[in-house]
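S.K.: Quick mapping for you: the protein sequence lines, in order, are chains R and G. Our numbering applies: residue 1 is where the first sequence begins, and numbers increase by one. Our numbering applies: residue 1 is where the second sequence begins, and numbers increase by one.
Heads up, none of these hints are tricks.
If we take Cβ atoms under 8 Å as the criterion, some of the chain R residues that face chain G in the derived model are: (1) Met1; (2) Leu2; (3) Leu25; (4) Ile29; (5) Leu35.
What the simulated footprint calls covered on chain G by chain R, stretch by stretch (three residues with Cβ under 8 Å from a Cβ of chain R suffice, anywhere in the stretch; the number is not a length): (6) 194-207; (7) 345-351; (8) 424-438; (9) 447-458; (10) 473-480.
Note that these hints are calculated values from the structure, not bench results. We put the beta carbon where it would ideally sit given N, CA and C, even for glycine.
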Amino acid sequence: MLSIDRFRELLGPDCELNDDEIRELRWQIHSLAELVVDIASDTLSTGTMTQDTTRVDGQAEVN
Amino acid sequence: MRAVVYCRVSTKEQTKNLSLPAQKKACIGFCRDQGWKVDRIFVERGESAKTAERTELKQLLSYCREKRGQVEVVVVYSLDRFARNNFAHYALRSLLAQLGVTLRSVSQPIDESPTGKLMEGVLAAVAQFDNDIRAEKTVVGMKEALGRGRWTFQAPLGYRNTRRADGTPTLEPDPENGPLVRKGFEIYASGLQSKNQVLLRLNEEGLRTRRGKPVAPQTWDRVLKNPIYAGRIQMDAWGIEVEADFEPLIEPAIFQRVQGVLAGGRSGQTRHHRNHPDFPLRRFVRCAACDTPLTGSWSRGREGRRYAYYRCPGCANVSMPKEALETRFLELLDRLQPKPEYLAALKASVLEVWHQRRKEVEEFKEVRQKRGNRVEERKQRLVEAFVYQQAIDPDTYRHEMERIRDEEVVTEVELSENRMDELDVEGVLAFAEHVVLNARRLWSEYDPQRRRHLQKVLFPKGLEFDGESFGTPVTCLFFRNLEAQEGAESQMVSPTGFEPVLPA
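Could you put together the complete structure from these sequences and hints?
M.R.: This is the structure:
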């Protein structure tokens, strides 16, 4: 997980979250990142994501 | 003759009533009267009376060892200053005797004569008797205090010992560990994370034992089962169960929910029957009326047709077809949009996870590669033994060769299953940016386990459903809930604002 200092730096000086919220956000983003990497490992290596290109609004995506 | 003096008080209160100076003065006077030179004075302040593990006593023993042959006597004011039970007394006496040191008491006539030894034995036994009585009084006092809801022991994790204005001991939430323990209960109560996952997170966020170390799984297990956190003191051994007279860290309902999750065994993530793949929202959504997690199951109609329903097992306020509830859930996901100001943090986190995984894969591959090399060497030796040296018979050769081939295949399979090196990091980052823009699609397309994982990330406290609609959820800080943020659209990124930049 990113260090708290590095994470704070990424949020920038205008971030108004308090320390507890920053820790919470860091944890949530880390969990999301783990999920994304999990799915990416499965999806991109087999190409399923790039073949399935229908967006929820019904438009086709361009790869 | 050279002597050392040992003074001790058994509680901090006694340090105030000048018994230490009095002891010291009496011991020095005693030595002077005996014509002994006082080499050093050891003063033990306010430590436990019960055991011989005392800082100054240890110093005294090592001093006597160091000055072996020079220090000949240890002087105490009375024997109960030295040890409070027979075992400790004779253990210490024996140790001193090995160093050529004897023990003398200012107020009691002990020496190496038969009478002196008898007196010493009697006095040591009296000291133990006194200690036993004190212990009994303490136990009685503790029981009485506990019966009134007062906690008289060391504070459990998340609390700290304090005193009221009238001086009676009590507990209060520890400002550092308290909020983390509370958070741990809340997360675990959701049933979405295992005990260890919750603990890992809490330790990562700074949960520490009294000694400043991360909390062990066994300790965390005891915490989750201890009703003291919900304001109940329970001491089965003493038959005590009362309401605590201090502020509970968590609501009783949360404690009950945690007990339910514990009773169900492992967390919702791995319990197959609780995580039925057909019902990803099972246990994640709670009934708004009674706070019970919804169940999900198939039922059969009169004509034999099967229907999937989510239901509240607590009050039956919710009974909704699976499709209807999940459609509403998808509508909720449609309202989630990532906050653009946090995208840089997401990308950096994805990179971090990516590099970590890659490192793990590399390490794994290295180990497997070494194992493959060893298998190859064994294979060559086997061939050599069979063909060139004729040291083994054909059956043994065949049997061993089959085992080696099994290992070869397993190793190859394991190596081939690690595909991370086929992916480029830019592709993963683009993918990350793309998928977080569309939580609905992410949820819809993936397997039940990942759906549950995603749900947990998006709505850390789960969801409430009243039979018609979801209550306003606590959303992951990374996302903005469009419904809850009405009027702020101008600051948001369009749902289709980021075109996916997937590798061609």
